[in-house]
Amino acid sequence: SQTIHQWPATLVQPVGSPLSLECTVEGTSNPNLYWYRQAAGRGLQLLFYSVGIGQISSEVPQNLSASRPQDRQFILSSKKLLLSDSGFYLCAWSVGSHRVHFGDGTRLSIL
Amino acid sequence: EDKVVQSPLSLVVHEGDTVTLNCSYEVTNFRSLLWYKQEKKAPTFLFMLTSSGIEKKSGRLSSILDKKELFSILNITATQTGDSAVYLCAVGLQGGSEKLVFGKGTKLTVNP
Numbered sequence: 001s002q003t004i005h006q007w008p009a010t011l012v013q014p015v016g017s018p019l020s021l022e023c024t025v026e027g028t029s030n031p032n033l034y035w036y037r038q039a040a041g042r043g044l045q046l047l048f049y050s051v052g053i054g055q056i057s058s059e060v061p062q063n064l065s066a067s068r069p070q071d072r073q074f075i076l077s078s079k080k081l082l083l084s085d086s087g088f089y090l091c092a093w094s095v096g097s098h099r100v101h102f103g104d105g106t107r108l109s110i111l
Numbered sequence: 112e113d114k115v116v117q118s119p120l121s122l123v124v125h126e127g128d129t130v131t132l133n134c135s136y137e138v139t140n141f142r143s144l145l146w147y148k149q150e151k152k153a154p155t156f157l158f159m160l161t162s163s164g165i166e167k168k169s170g171r172l173s174s175i176l177d178k179k180e181l182f183s184i185l186n187i188t189a190t191q192t193g194d195s196a197v198y199l200c201a202v203g204l205q206g207g208s209e210k211l212v213f214g215k216g217t218k219l220t221v222n223p
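In order, the protein sequence lines correspond to chains R and D.
The first sequence begins at 1 in the working numbering and counts up by one.
The second sequence begins at 112 in the working numbering and counts up by one.
Certain hints may be false.
Stated by the list, open to error - Once the Cα atoms are required to be at most 25 Å apart in a straight line, the calculated SDA-like pairs of lysine to any residue come out as:
no. : chain 1 : residue 1 : chain 2 : residue 2
1   : D       : Lys-179   : R       : Gln-2
2   : D       : Lys-179   : D       : Gly-127
3   : D       : Lys-218   : R       : Ser-20
4   : D       : Lys-114   : D       : Asn-222
5   : D       : Lys-151   : R       : Gly-52
6   : D       : Lys-152   : R       : Gly-54
7   : R       : Lys-79    : R       : Trp-7
8   : D       : Lys-178   : D       : Asn-222
9   : D       : Lys-152   : R       : Ser-20
Treat the hints as calculated values from the structure; they're not laboratory data.
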């Protein structure tokens, strides 16, 4: 069966520090991978998606970047975090349908 | 701009009540509509609807889609405290990326 692992679960970072969140999927090949952000009072916002290794599409201009170095690995990064980057970050995957499966998320607080 | 609107934003009911959650959408290339339940962490999948008028049912939960009027409802009968969660509606767009556009969610609280 397929599983998705996302870490860390919580993270507190100072403004201006770098960020790296990692997500891996097991039990499936060539999935579509996604990073979503959920801010308080707002819906899930798609940040990045990837249909294959090295292929990244950005949905909104921002302070973040994503990379997919391996088929089932997706990384969200930032060189310098802003206060507005606080939120709940969810990694997700899908194969062949819109039934998207989510990881447990990372709650990121910027101080 | 693609948009999904859910109502109400929050709802408080007593155990045993029946609730109806609403989701309307305006998107350019509709392919499917999905409902998720989010408790503390990962949203979990409930239903995916692609055709109008066909009810999907799972236990006390059911959902239906109206592609002419561009909305969907999620019904929960005989609510239990374990139904307390945020219910998310999302629309899947046509294209190879399988992207979803989410509404803000309905926060349901079921009191004993």
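Open item on the list: Between the alpha carbons of Lys-178 (chain D) and Asn-222 (chain D), is the straight-line distance 25 Å or under?
Closed with: The hint is violated at about 34 Å.
- [ ] Would you mind confirming whether the straight-line C-alpha gap from Lys-218 (chain D) to Ser-20 (chain R) stays at or under 25 Å?
- [x] violated, 31 Å
- [ ] Could you grab the alpha-carbon distance between Lys-79 (chain R) and Trp-7 (chain R) and see if it respects the 25 Å cut-off?
- [x] Holds: Lys-79 (chain R) and Trp-7 (chain R) sit about 18 Å apart, inside 25 Å.
Task: Restraint status (C-alpha distance of Lys-151 (chain D) to Gly-52 (chain R) at most 25 Å) - done: violated, 30 Å
Open item on the list: Please verify whether Lys-114 (chain D) and Asn-222 (chain D) have alpha carbons no more than 25 Å apart.
Closed with: violated, 31 Å
Open item on the list: Can you confirm whether the C-alpha distance between Lys-152 (chain D) and Ser-20 (chain R) stays at or below 25 Å?
Closed with: holds, 20 Å
Task: Straight-line alpha-carbon gap Lys-179 (chain D) to Gln-2 (chain R), limit 25 Å - done: violated, 36 Å
Task: Holds or violated: Lys-179 (chain D) to Gly-127 (chain D), with C-alpha atoms at most 25 Å apart - done: violated, 32 Å
Task: Distance restraint between Lys-152 (chain D) and Gly-54 (chain R), which requires alpha-carbon spacing of 25 Å or less - done: violated, 28 Å
The structure fails hints 1, 2, 3, 4, 5, 6 and 8 (numbered hints given earlier, in ascending order).
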